[in-house]
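Trainee: Each chain, written out:
There are 2 protein chains.
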Amino acid sequence: MSAKDLDCPISYEQLEDIEDDFEEADMELIRYQDKLTKDLYAKRDKIIAQIPTFWPLVFEQSPPEIDEYIQPTDASLLIGSLKSLSVERFELPEGDPRSIAIKFEFAANDHFENTTLEKKFWYRRAKDGWAGLVSDPVEIKWKSADKDLTGGALDLVMKVWEEDKAGKSEEETEAKKKLKEFIDNTGVDGASFFTFFGYRGRDISVEEDREAFKAEQEKRKARKEGKEVVEEEDEDFNDDEYEFEIFPTADDLAVSIAEDLWPGAMKYFIQAQELDAISDMEFESDDEMNDANDE
Amino acid sequence: MSAKDLDCPISYEQLEDIEDDFEEADMELIRYQDKLTKDLYAKRDKIIAQIPTFWPLVFEQSPPEIDEYIQPTDASLLIGSLKSLSVERFELPEGDPRSIAIKFEFAANDHFENTTLEKKFWYRRAKDGWAGLVSDPVEIKWKSADKDLTGGALDLVMKVWEEDKAGKSEEETEAKKKLKEFIDNTGVDGASFFTFFGYRGRDISVEEDREAFKAEQEKRKARKEGKEVVEEEDEDFNDDEYEFEIFPTADDLAVSIAEDLWPGAMKYFIQAQELDAISDMEFESDDEMNDANDE
Numbered sequence: 244m245s246a247k248d249l250d251c252p253i254s255y256e257q258l259e260d261i262e263d264d265f266e267e268a269d270m271e272l273i274r275y276q277d278k279l280t281k282d283l284y285a286k287r288d289k290i291i292a293q294i295p296t297f298w299p300l301v302f303e304q305s306p307p308e309i310d311e312y313i314q315p316t317d318a319s320l321l322i323g324s325l326k327s328l329s330v331e332r333f334e335l336p337e338g339d340p341r342s343i344a345i346k347f348e349f350a351a352n353d354h355f356e357n358t359t360l361e362k363k364f365w366y367r368r369a370k371d372g373w374a375g376l377v378s379d380p381v382e383i384k385w386k387s388a389d390k391d392l393t394g395g396a397l398d399l400v401m402k403v404w405e406e407d408k409a410g411k412s413e414e415e416t417e418a419k420k421k422l423k424e425f426i427d428n429t430g431v432d433g434a435s436f437f438t439f440f441g442y443r444g445r446d447i448s449v450e451e452d453r454e455a456f457k458a459e460q461e462k463r464k465a466r467k468e469g470k471e472v473v474e475e476e477d478e479d480f481n482d483d484e485y486e487f488e489i490f491p492t493a494d495d496l497a498v499s500i501a502e503d504l505w506p507g508a509m510k511y512f513i514q515a516q517e518l519d520a521i522s523d524m525e526f527e528s529d530d531e532m533n534d535a536n537d538e
Numbered sequence: 244m245s246a247k248d249l250d251c252p253i254s255y256e257q258l259e260d261i262e263d264d265f266e267e268a269d270m271e272l273i274r275y276q277d278k279l280t281k282d283l284y285a286k287r288d289k290i291i292a293q294i295p296t297f298w299p300l301v302f303e304q305s306p307p308e309i310d311e312y313i314q315p316t317d318a319s320l321l322i323g324s325l326k327s328l329s330v331e332r333f334e335l336p337e338g339d340p341r342s343i344a345i346k347f348e349f350a351a352n353d354h355f356e357n358t359t360l361e362k363k364f365w366y367r368r369a370k371d372g373w374a375g376l377v378s379d380p381v382e383i384k385w386k387s388a389d390k391d392l393t394g395g396a397l398d399l400v401m402k403v404w405e406e407d408k409a410g411k412s413e414e415e416t417e418a419k420k421k422l423k424e425f426i427d428n429t430g431v432d433g434a435s436f437f438t439f440f441g442y443r444g445r446d447i448s449v450e451e452d453r454e455a456f457k458a459e460q461e462k463r464k465a466r467k468e469g470k471e472v473v474e475e476e477d478e479d480f481n482d483d484e485y486e487f488e489i490f491p492t493a494d495d496l497a498v499s500i501a502e503d504l505w506p507g508a509m510k511y512f513i514q515a516q517e518l519d520a521i522s523d524m525e526f527e528s529d530d531e532m533n534d535a536n537d538e
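The listed protein sequences correspond, in order, to chains A and B. Just so you know, the numbering used here puts 248 at position 5 of the first sequence, and the rest follows in order with no gaps. Just so you know, the numbering used here puts 537 at position 294 of the second sequence, and the rest follows in order with no gaps.
Warning: the hint list may mix true and false statements.
No distinction is drawn between identical chains; accordingly, a pair holds when it is met within one copy or between any pair of copies.
Calculated lysine-lysine pairs in the DSS-like style (CA-CA distance at most 25 Å, straight line) [as the list claims (entries may be wrong)]:
id	residue 1	residue 2
1	K421	K346
2	K289	K423
3	K281	K386
4	K289	K464
5	K419	K326
6	K281	K464
7	K464	K278
8	K289	K386
9	K470	K370
10	K289	K470
11	K510	K457
12	K289	K462
13	K326	K390
14	K390	K286
15	K346	K423
16	K421	K467
17	K420	K370
18	K510	K470
19	K278	K457
20	K420	K510
In case anyone wonders, no lab produced these hints; they're calculated from the structure. Only a predicted model underlies this, so the values are computations on that prediction, with no experimental measurement involved.
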């Protein structure tokens, strides 16, 4: 990274030191926000539980960063059976405020047996300096192969995950070959929203995270004291990405859901209501006040 | 708005009541963030003041919501002479935390005499229920007509503003006619970034803001108590927009600068450094470590 050799009297360590401080402040802010809004979200949940179309309409109005992943068949399923969504900073109050759990609840539907799908993202550090959200794949019990919106891909992810846990992570198994084929043949543009549940991210053990955290704290301390810190991590960043990732940007999507769709849900719902009113007006008389009753 | 007639047991008032609560929480969060980061920004300012290319590089890497407004001639001026940027929630601690001041400092340059351009946005309420950022136009002292990046438009804005203050707000003056012509002939795509300084937003007197605030508080109280609240505002929202607006989305741009470019400046700067390193590598040998010295 050339930032190490800035053409000025400032060292890379001084910039990193400031960034460390801002990161701490951001984490403190998420903690405070969580405390400040917990009861409000509970109150909101109670109200919107009485509006059956709430979450489907919110997803319909979701911003491009989310909407781009929702295929028409995904949308039908969401409209028909998404009952609720909730987001939790599940490692709070003690743990990392950036860890996110996203829970979807579904009514009975044609596609799968699950009534709840919960995807947890842990904020973790690797020993090469990488830090970010990692997850375990979540199984969806499809009612039949032709109801599987991911075309078998999510099942393959589960299979590979089981194989890895059984110590075959270095083996080139049949499931891995098929999964690789799926990934190579399907652009993210074409994959179902439900492949989101297959995201794993980097494989970081609890021990690795703990050691990396300790090492990072020591580095920060050294930077605070104005010492030069050796950064070995930068070169390997991209090489270590998990190669069988079915939905590589699921971590970004999780953040968009947690920081935009979830807090802004009421705004998106009201937008949907207004659009609905406008399209009613276009087709009907200008007797606007009775729109909702007309249907 | 059809949200008033939700097809369910929930009233529009109940939704608004929750939104009121969240708005209060958001304001409290901005206040806390300001307190938490004030010293950090001062520390950051001190460091980056020693990197002459810092802010020009940050603008070069700015996200699309900001970059789309920067024309090539604007970019040259920014690269050549932008010395610093700062953002302040200037009505804190007592006033509205959403009011934003954005200050640009410039080195001597070919285009204008000003060394500082400060644009203040006040968060204000109108009696019809609208609330948002309003501003006074800021004069730029161009060195000559052909150095004026806005092609005379900003001067016309100043003229119209002076006329309005002199009680001619209803008259169709020469300046207004010319300004209207400019607005009709220039898409936002073509206008200089510096027309940003001409934004006014709605004309809301201190008295109107105070009364609207009081009325809003009373409405909120009524909603909290579960009373039905008459909303007269919705119909007139768009009709009342200021018709001679030279940069209609300047309020959104101000928020993007305050909430993205300003807090994320270090990230954008490091991105610029990395891109620089990559393009150096493409043209030179793979002797990466000496990039910065090669120039």
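Trainee: What are the numbers of the hints the structure violates, in ascending order?
Mentor: 1, 2, 3, 5, 8, 14, 15, 16, 17, 19, 20
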